[in-house]
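> Top line first, the protein sequences correspond to chains R and Z. My numbering numbers the first residue of the first sequence as 50 and each following residue consecutively. My numbering numbers the first residue of the second sequence as 5 and each following residue consecutively.
These are calculated hints, taken from the structure and not from any lab test. Please note that a few of the clues may not be correct.
A few chain Z residues that face chain R, going by a derived Cβ cut-off under 8 Å, partial list only [stated by the list, open to error]:
1) Gly33
2) Gly45
3) Lys177
C-beta: ideal position from N, C-alpha, C; glycine also.
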Amino acid sequence: MSELNDIWHDGKGKLPEEKLMAYLEGRLSPEEQHEVELWLADEGMESDAVDGLKNMQAGEARETTDRINHQLRRQLRPKKRKRRQMKDNPWAVQAVVVILLLVILAYIIIRLAMKK
Amino acid sequence: MENYSQHSKLSDEALLQNYRAAKDNTWLGYLLQRYTMLLLGVAMKYMKDKEQAQDAVQQVFEKVLLHLPDGEIHNFKGWLYILMRNHCLQLLRDKTHTMNDEWLKYVPAENDREELMLRDYSLEQMEAALEELNVMQKQAIVLFYLKKQSYQQIMEQTGYSFEQVKSYIQNGKRNLKQIMEKKLAERK
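Excised from the complex, chain R in its bound form (with noise of 0.2 Å):
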């Protein structure tokens, strides 16, 4: 009766998400399958999730938390630093003024070169 004392030790680590969804679509030997209900039998997270995600169709688990998490990783992801508008730079605003008189004039001065 030594098993006994098993009683006190939970599920050791982390319940791998992975099994537990081999576990909830029923791909687990009777040996694996008690190894994951180690955990489910203390009221807690695990005993919890499993009740929960009992009601969810194969699959619709999987799908939802991958949106879940796609979400979170969207929302975490560095923001692209907006390009500086022009309008906010005056030195380019005038830079580009000063360059278009000077096209300008080039262009006026080559023409009256070339009448002459």
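Once you have looked at the hints, place chain Z on chain R.
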């Protein structure tokens, strides 16, 4: 974001520490993604609706990202579980807009994981305590812990439902602990 697998070997505590050191929510993101499926299951249990459960998980993520307490969190998983559960209960309470306590039925019994001095007990004492359980709980405990049977096998053998097996094991274990604590107190 860097490859998630690079961080999968870090403990929850290490990820939290990195987050606090770098003040970078990315670390918190890695940590939260470890528990998404479990949180979804917890939310499903209380909300009974896929869309609402998904929303509830996202709202809890938002809460954690914006309002993670500055103080040390010794057991992140346990803390997150309580946060998720309380959030769902709050949503249910808001939804009903009533003053009745019907939502309280969703509150599971307190999870008592504290280490007890149970190893002081001899196997004979444990066997004696086992005899004090009711027939269903004793049967479920013996089949699960002694015979190492799965819930499915216990269901086939006893005719109990999944929920009954789970409940008999959980309640049996809790009662066994109480019986032994009582005996320990008497011994002292």
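> Hint numbers the structure violates, sorted upward?
none
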